[in-house]
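A.B. asks: Residue numbers (UniProt numbering), protein chains in the order written: chain G, 1 to 254; chain C, 1 to 199; chain S, 1 to 250; chain E, 1 to 171.
Simulated from the structure, these hints should not be mistaken for lab results. Keep in mind that this is a model prediction, so the values were computed, not measured. Please note that a few of the clues may not be correct.
[Said to hold, decoys possible] No more than 20 angstroms apart at the CA atoms, straight line, and that leaves these computed lysine to aspartate or glutamate pairs for DMTMM-like:
1. 72(S) / 128(E)
2. 49(G) / 124(C)
3. 78(C) / 128(E)
[As the list claims (entries may be wrong)] Facing chain S, from chain E, some residues (calculated, C-beta under 8 angstroms):
4. 26
5. 37
6. 39
7. 48
8. 53
9. 57
10. 85
11. 86
12. 92
13. 94
14. 97
15. 99
16. 152
17. 154
18. 155
19. 168
[Unchecked claim] Ranges of calculated distance between the beta carbons of each label pair, as one might list FRET restraints:
20. 57(S) / 54(C): 37 to 45 angstroms
21. 37(E) / 188(G): 22 to 30 angstroms
22. 61(G) / 79(C): 39 to 47 angstroms
23. 125(E) / 55(G): 49 to 57 angstroms
Cβ coordinates follow ideal geometry from the N, Cα and C atoms, glycine included.
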Amino acid sequence: MAAPPRHATMQSISNGGIAPGTDRPQAQQTQQAQLSQQSPGLRVPSNRKTIYDRHLNRSRNAELSRASFAFLFGEMVTYAQRRVTGIQDLEKRLNEQGYPLGLRLLDLLFYRSTSTSSSALSSSSTSSSPPNRPLRIITLLHLIHGPLWRLLFGRAADALEHSVSPDTPNEYMITDNDPMVNTYISAPRDMSMLNCAAYVAGIIEGVCDGCGFETKVSAHNQPTELWPSRTVFLVRFGDPVMEREKVLERAGVK
Amino acid sequence: MTNRFRCISVFEPELIGFLHMRRTRVDKVNAELVTLTYGTIVAQLCQDYDSNYQDVNKQLDKMGYNIGMRLIEDFLAKSGVGRCANFRETADMIAKVGFKIFLNVTPTVTNWTSDNTQFSLIFEDNPLADFVELPDDGRAQDELWFSNILCGVLRGSLEMVQMQIEAHFVSDVLRGDDTTEMRVSLVRYIEDEMPPEEE
Amino acid sequence: MVVYSFYIFDRHAECIYKRRWLPRPTSTVGKSRSDTVSGAAPTGLGQTVRSTDDDSKLVFGTVFSLRNMVRKLGGEDDNFVSFTTSQYKLHYYETPTNTKFVMLTDLKSPSMRIALQQIYINLFVEYVVKNPLSPTEHPGGVGVNNELFEESLEQNLEVSSREQVHVRKGETAGSHRSGHIEAIIYKSGISKAQERHSCNRAHTAADSPVVKHTVLRAPACDGTFWREKKITGAQHRSQARQGHPYRLFM
Amino acid sequence: MPDNTRGVFSLIIINKAGGLIYQREFQSGLRNLSTNDYLVLAGTFHGVHAITRSITPKIPISQPAPSPATSSTGITAPAASGYSYPNPGVPVSGLDYLETDKFRMTCFQTLTGTKFLLFTDPLTGSVDTIIQKIYELYADYVMKNPFYQIEMPVRCEAFDRHLGAWLRGRT
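Bound-form chain G, shown alone:
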């Protein structure tokens, strides 16, 4: 299976620091960033304890106040808003900010789902969570709809739908009735089209790209009487992915 086109090699920053170049399509030129853990350059505290000595699941169930996320996210939106004009650019920028999270969360998801193999983590999809990466679109979407949402927001997403119209077979929809990121956000009337959950769309995009499913994800407001901030994430897979889907379908790979 071809290596995922834009999977960036792990930067020396496991989390912050320089994000992979935003222009994801062309391959990253990060080969020269040395990956060695104890590179001479980085000083470490005298007790020689670094983040690599800590267990990855240490902060698995750690919780912080919702307010801290709300303030950080709000400031991120304000900062992005000052640097762009127009809703599309703002959503694009939020998407770009979410993308690296998707890449990192993907590995965390697999580490946690295979190591504990507890069924609770596996989504309600038919097969138990596959030990390796999802190969089919459906399993990927279930991974996002269940474990990823549970990891991020503590509950599964609300609905997962596939477009039935023949001319858009590559469109899927993940629905969240009350996205946590938008709880405190009220866009002004002139920006009513804006949906700040584009950040989460970026995360989904990061996860899909990380799995080798090149895709475009966008967040759309679909308010209802009961759920005024209901959001739908439209996932549009690229054509190479659809070809591969057909080939795998014929090969009977689940």
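Since the structure of chain G is provided, determine the placement of chains C, S and E on it from the hints.
C.D. replies: Just chains C, S and E, lined up with the frame of chain G:
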């Protein structure tokens, strides 16, 4: 969104019963989401200011200041605390109540100056810096203060309650120091803008 | 119940009467009795007393804007009754003739609306309006400060405050008076000299050993009045206590 | 959900400079004014509130009681100038409650200077819990909204929605 969609799976049926419960606000979020979000903010700043770490520090402080001016209202509303009598009480309030509510950590308050106008906050655990390793470009560990947003938050929130302070990091584990320490000093009490009190 | 100050404003928005009682600050036992003495002993005041005239202007400004706000919000027939802060409570009563009565008390005092009405009906109308000597208008508070009105005001507040506080037993005014109780009688417009003069005149009269209580006796400046009053006025005080609270003079 | 919120007429929020930033009527009971009148009302009340604070009666301390040497005070608050307030334990505040024949106004001022004026009918109980909840909703849906600029008029749809829902009985 004109085309119609076939439902693949609604969320697990047994959860439908909890619909009502789910609607109530859960005011806790996954710590990793907050950590990763902060990480991407810093990453974006490093990119926008193309690794000029002084500017990144300044911008983080400014962002923290904006947050602080809003966060104080949330803090007052949720904790219902009254005005602090003196700076020492303010320091305890910050460490034991403020940081506890928002970052679920309690830094220790030490190194008071004799005139009680300066103190230090020692962070044994800094959730913002989880999973983080500074860029190995030989400059970051000397110039970048990764959690500098916290200094801005303190400055912004205390200014809203008529206390002008200055805060900066003195040491950070990410830089290879042994502790993460922030130095906070009181500049002055800001008089109320209301008409001057009777003498 | 502690009364801090009392103001009357006429319809020209002028303070025609102002009375402040500054109870002893740190009386450890129970309520500091609002001992009231007319006429400030001029020498007694060590501290700088805040200039009292802008106080009444501030109070009037507050009361006036609140009254207008209430009229605007609640409708023309709504009237402002009282407001409280964390330290004191201000009671307000306005007559149809736009004469405004304002009283500042502590937080524990019940509604003083009735009391203010009583002061208006029984005292102000009786002893100021109907007093042939005092002019119909009171520029600068002229004519409001007649003894009759003052005296009855004391009684009224004293009795009404004691009514609420169920009489402190055995407390004599004399023993508590340690020189720094002072009540500033300030009538805007009257020069300080004239005020001192009226106070001295009362002072000499009160010192004479046998004080026959008469209606027109002006209370002395330094509280001696209370001691005499207690001696000669005992039956009066007890009489006031059993009688309904607002019958003031025999 | 306090059942007696039916007596809540309207709410006004004033920023620390005295500017009106929010006004909303929940139930008729007061005369409704033009926004301009509310602006004027907010401005005057801001001034009046400050004055009510400054006319707090001051009780002279004859022999200046040795102010308890709070050894640990940093820059001490302004030294007592020979006066003490009626109840020294409680910090001085401006007007908190205003009673009239037809309505009762509760004024809650936050430490940051923002004032919440709640107009209720004179008999409505637990006004403090109502206004505390409003402050929490304000801290959540206004302060955490990145599109709200501090000290500016509040136009946050989520705040209106949650406030309306809470006050009209639906949680």
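A.B. asks: Indicate, hint by hint, whether the structure satisfies it.
C.D. replies: Consistency of the hints with the structure:
For the hint linking residue 72(S) to residue 128(E), the alpha-carbon distance of about 25 angstroms lies beyond 20 angstroms, and the restraint is violated. With a C-alpha separation of about 13 angstroms, the suggested pairing of residue 49(G) with residue 124(C) holds against the 20 angstroms cut-off. Of the pairs offered as hints, the one joining residue 78(C) and residue 128(E) holds, with about 14 angstroms between alpha carbons and a cut-off of 20 angstroms not exceeded. Evaluation of the residue 26(E) hint against chain S yields a violated restraint, the C-beta minimum of about 14 angstroms exceeding 8 angstroms.
Given hint, residue 37(E) at the interface with chain S, holds; its Cβ is 7 angstroms from that chain's nearest Cβ, closer than 8 angstroms. Checking residue 39(E) against chain S: minimum C-beta separation of about 13 angstroms lies over 8 angstroms; hint violated. Checking residue 48(E) against chain S: minimum C-beta separation of about 5 angstroms stays under 8 angstroms; hint holds. With its C-beta approaching chain S no nearer than about 7 angstroms, residue 53(E) sits inside the 8 angstroms limit, and its interface hint holds.
Interface restraint check: residue 57(E) against chain S, minimum CB-CB distance 4 angstroms, threshold 8 angstroms, status holds. A hinted interface residue such as residue 85(E) counts as satisfied when its beta carbon comes closer than 8 angstroms to some beta carbon of chain S; here the least separation is about 5 angstroms, so the hint holds. Taking 8 angstroms as the C-beta cut-off, the interface hint given for residue 86(E) holds, the closest approach to chain S being about 5 angstroms. A least Cβ separation of about 6 angstroms between residue 92(E) and chain S falls short of the 8 angstroms threshold, and the interface hint therefore holds.
A cut of 8 angstroms between beta carbons decides the hint on residue 94(E): the least distance to chain S is about 6 angstroms, and the hint holds. About 5 angstroms separates the beta-carbon of residue 97(E) from the nearest beta-carbon of chain S, less than 8 angstroms, and the hint is met. Look at residue 99(E): its Cβ gets to within about 5 angstroms of chain S, closer than 8 angstroms, so that hint holds up. At its closest, the beta carbon of residue 152(E) sits 24 angstroms from a beta carbon of chain S; the interface hint therefore is violated under the 8 angstroms criterion.
A least Cβ separation of about 21 angstroms between residue 154(E) and chain S goes past the 8 angstroms threshold, and the interface hint is therefore violated. A least Cβ separation of about 24 angstroms between residue 155(E) and chain S goes past the 8 angstroms threshold, and the interface hint is therefore violated. The interface hint given for residue 168(E) is violated, since its Cβ lies 22 angstroms from the closest Cβ of chain S, which is over the 8 angstroms cut-off. Taken as a hint, the range 37 to 45 angstroms is violated for the pair residue 57(S) and residue 54(C), whose Cβ atoms sit roughly 55 angstroms apart.
Residue 37(E) and residue 188(G) have their C-beta atoms about 26 angstroms apart, which keeps the hinted 22 to 30 angstroms range intact. The given range of 39 to 47 angstroms is broken by residue 61(G) and residue 79(C), whose C-beta atoms sit roughly 25 angstroms from each other. Taking the beta carbon of each, residue 125(E) and residue 55(G) are about 53 angstroms apart, inside 49 to 57 angstroms as hinted.
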